[in-house]
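Enquirer: Each chain is listed here by its residues.
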Amino acid sequence: MNQTADAYRKELSRRRRLVVAFEWLCRCAAWGSLALLIFFLGAIGYEAWGWVSFDFLSRANHYEADKAGMMGGIWGSIWLVGLSTILSVPVGVGAAIYLEEYAKAGWLKRQIQLNISNLAGVPSVVYGILGFTVFVRCFGAFERPQEFVLSLGFIDLPFRLPFGAVVLSGAGTLTLLSLPTVIIAAQEALRAVPPTLRHASYALGATKWQTIWHQVLPAALPGILTGVILSMSRTLGETAPLAVLGVASQVTFAPGKIRGISDLATHPEKLVQAPFDKFTAMPLQVYTWIDDPDQQIQVHVAAAGIVVLLAFLILMNSVAILIRNRFQQKIRW
Amino acid sequence: MTEPKPVDSSRLTSPLRAAGADLRRRFTWQSTTEFFIRGTLFCCALLSVLTTLTIVGVLITESWAFFQTVSFVEFMTGTQWTPQFEDQHFGVLPLVFGTMQITLLSGMIGLPVGLLAAIYLSEYAAPMTRNIVKPVLELLAGIPTVVYGYFALRFLTPNVLKPVFQDWLGLHVDGFNALSGGIVVGIMIMPMVCSLSEDVLRAVPQSLREAGYALGATKFDVSVKIVVPSALSGIFASFLLALARGVGETMAVSIAAGQQPSLTLNPLNQIQTMTGFVINVMKGDVEVGSILEKSIYAVALLLFLMTLVMNMVSQVVLRRYREVYQ
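Protein chains in written order, with my numbering: chain X, 1 to 333; chain C, 1 to 326.
Read the hints as simulated data drawn from the structure, not as lab findings. Hints should not be assumed to be uniformly reliable.
Computed footprint of chain C on chain X; a stretch qualifies when at least three of its residues, placed anywhere within it, have a C-beta under 8 angstroms from a C-beta of chain C [stated by the list, open to error]:
1) 20-26
2) 118-124
3) 225-235
4) 297-311
List time: in silico DMTMM-like cross-link candidates among lysine to aspartate or glutamate, alpha-carbon distance up to 20 angstroms [claimed, not checked]:
5) C:Lys134 x X:Glu188
6) X:Lys10 x C:Asp221
7) C:Lys219 x X:Glu11
8) C:Lys225 x X:Glu11
9) X:Lys278 x C:Asp285
10) X:Lys208 x X:Glu100
11) X:Lys109 x C:Glu323
12) X:Lys104 x C:Glu34
13) C:Lys225 x X:Glu23
No residue lacks a Cβ here, since even glycine has one placed at the ideal position from N, Cα and C.
Given the sequences, and given the hints that come with them, work out the whole structure.
Expert: Structure follows, in structure tokens:
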């Protein structure tokens, strides 16, 4: 009898130890990763210390370490992300509305849905190759580059076919890349709107589109906005597709050669010409700096570039979190 | 919405008839608008299908041209990949090997750590903790991959791998090596595993846990022997998705693991992955129509197919899983 109790006690303490050990293992996995993140950012911040300055942000790039700058990359990235957002949001939200509100459950909807989730998993290099073939080369339809001038009445818009690695090619590629994430985020936001809202609107005699436009979309807007900003921040960090497109990293001007607000006042046509201009982007500059043979550039300038890039990302993410928290408190279904 | 029944206007008195006509006109105008809006939205949804078709079309036509010059068997079984040299060989195995090595290493780190963190968040952590830790981990997933590449090349290799393996264990470590790439890709996929697995773990019905406790099981027993097995298919799907991401990962790997295709099992050596090859060729100027350019499409097609299969399988598994618990 005593022996059984002894064995039981032993077993019990073994189980207790197991419980505690496992809990700590799990705890370490979660908190350890967070510690790693902080260490990781700290190491980069340490290397970048003293290299990020106002001059670094506002100066054109240069091959010498202490004259390197990110001006071209910052404006290039802003144009790139801005244009691809303008292109991807209407299409993405439109597709989400169709799938959530219109499409009947069935073969077609299932196929489109499956296709979207598969597209979300396609590696970004493959999108780069797609963009290279479609936008940069235009399927090889032109033997050699041809200049065209599109007259818009008040200004002339010169462009080249095939496009080459211009802002529009980059934005088009990143649009295709970010569409699946935008669609999935918008779908989730639309699904969260309770059906009672739609029924109430129908009961008052509204048509389907009136219901969607005036009731469902405004209710889903915070969710959609959060998803869009998160996808923008992912777009901002994308490097591989741009490298595949052949985007130059040594561009020393902003797209359209816009030198400032005052420049836009005297030459407003530059705003329209910018999408057809060469550009570089922040992550691509970082990539080139990492590869640079110059010790100063590959360690310190690259780290400084990363800090600037991460600052932009953190800014966008915090806006997304702010929107989410603000509207979560307001709307309770 | 059902179409309104047409009003038989001949049987109505004049004011009512006018109203009926007005109603009919409004409904036709509205239904036309509705029809066009529906059509536009459908086109938006169709664009995603078009994207897929273009990807597949482009990859297949260009690869087809490639396989006119290089035999398919040589491509799939050759052990030398030297398209940029005078003596060109197109055996894709070294690239596939490099990719597999990175994926395996990253899986060995990212999958267990991610799963343990997911168990912690779903079973142990207070809701407060979860609400803080999960978004921060997602932030970790949102860091651009060039940044991970920098970390691996400029920090991990010189400050961790070289001291440990070279100075201490006496093994040679290349400046570019598969291990540093694998480690950072592991760190990169860990938040994804954690986030997806946590979702499936939380979907396991509470009653299963309660039944376990009622039978005298400890928290460890419930977590490891009840919750994880019940969520196994979902966890498997999240693993596959994360590995697919590792296969397709480009920047970190091409920066950290090097640009030299080799059939090696030693993770301390320089390698080249499929994605690394694509980037390496495309960042320079490629001659239009050259065999080198076409080889990119063939490699990309293989990459696309590999990730597609992994994604498809994981989606099917995830859908089954959701059906079980709903």
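Enquirer: Now tell me, hint by hint, if it's right for this structure.
Expert: Now the hints, each set against the structure:
Given as covered by chain C, the stretch 20-26 of chain X passes the check, having 4 residues with a CB less than 8 angstroms from a CB of that chain where 3 are the minimum. Here's how the stretch 118-124 of chain X fares: 6 of its residues keep a CB closer than 8 angstroms to some CB of chain C, so the rule of at least three is met and the hint holds. Coverage of the stretch 225-235 of chain X by chain C holds [criterion: at least 3 residues with CB-CB distance below 8 angstroms; count 3]. Restraint check on the stretch 297-311 of chain X versus chain C: 7 residues with Cβ-Cβ distances below 8 angstroms, three needed, restraint holds.
The straight-line distance between the Cα atoms of C:Lys134 and X:Glu188 is roughly 19 angstroms, inside the 20 angstroms bound, and the hint therefore holds. Between X:Lys10 and C:Asp221, the direct Cα distance comes to roughly 17 angstroms. Compliance with the 20 angstroms bound is thereby established for this hinted pair. Taking the CA atoms of C:Lys219 and X:Glu11, the gap is about 15 angstroms. The hint holds against a cut of 20 angstroms. Between the alpha carbons of C:Lys225 and X:Glu11 the distance comes to roughly 17 angstroms, so the proposed pair stays at or under 20 angstroms and holds.
Using a Cα cut-off of 20 angstroms, the hinted pair X:Lys278 and C:Asp285 holds, with the two alpha carbons roughly 16 angstroms apart. Between X:Lys208 and X:Glu100 the alpha-carbon distance is near 13 angstroms, which keeps this suggested pair within the 20 angstroms criterion. For the hint linking X:Lys109 to C:Glu323, the alpha-carbon distance of about 18 angstroms falls within 20 angstroms, and the restraint holds. Between X:Lys104 and C:Glu34, the direct Cα distance comes to roughly 16 angstroms. Compliance with the 20 angstroms bound is thereby established for this hinted pair.
Under the criterion of a C-alpha separation no larger than 20 angstroms, the hint pairing C:Lys225 with X:Glu23 is consistent with the structure, at around 14 angstroms.
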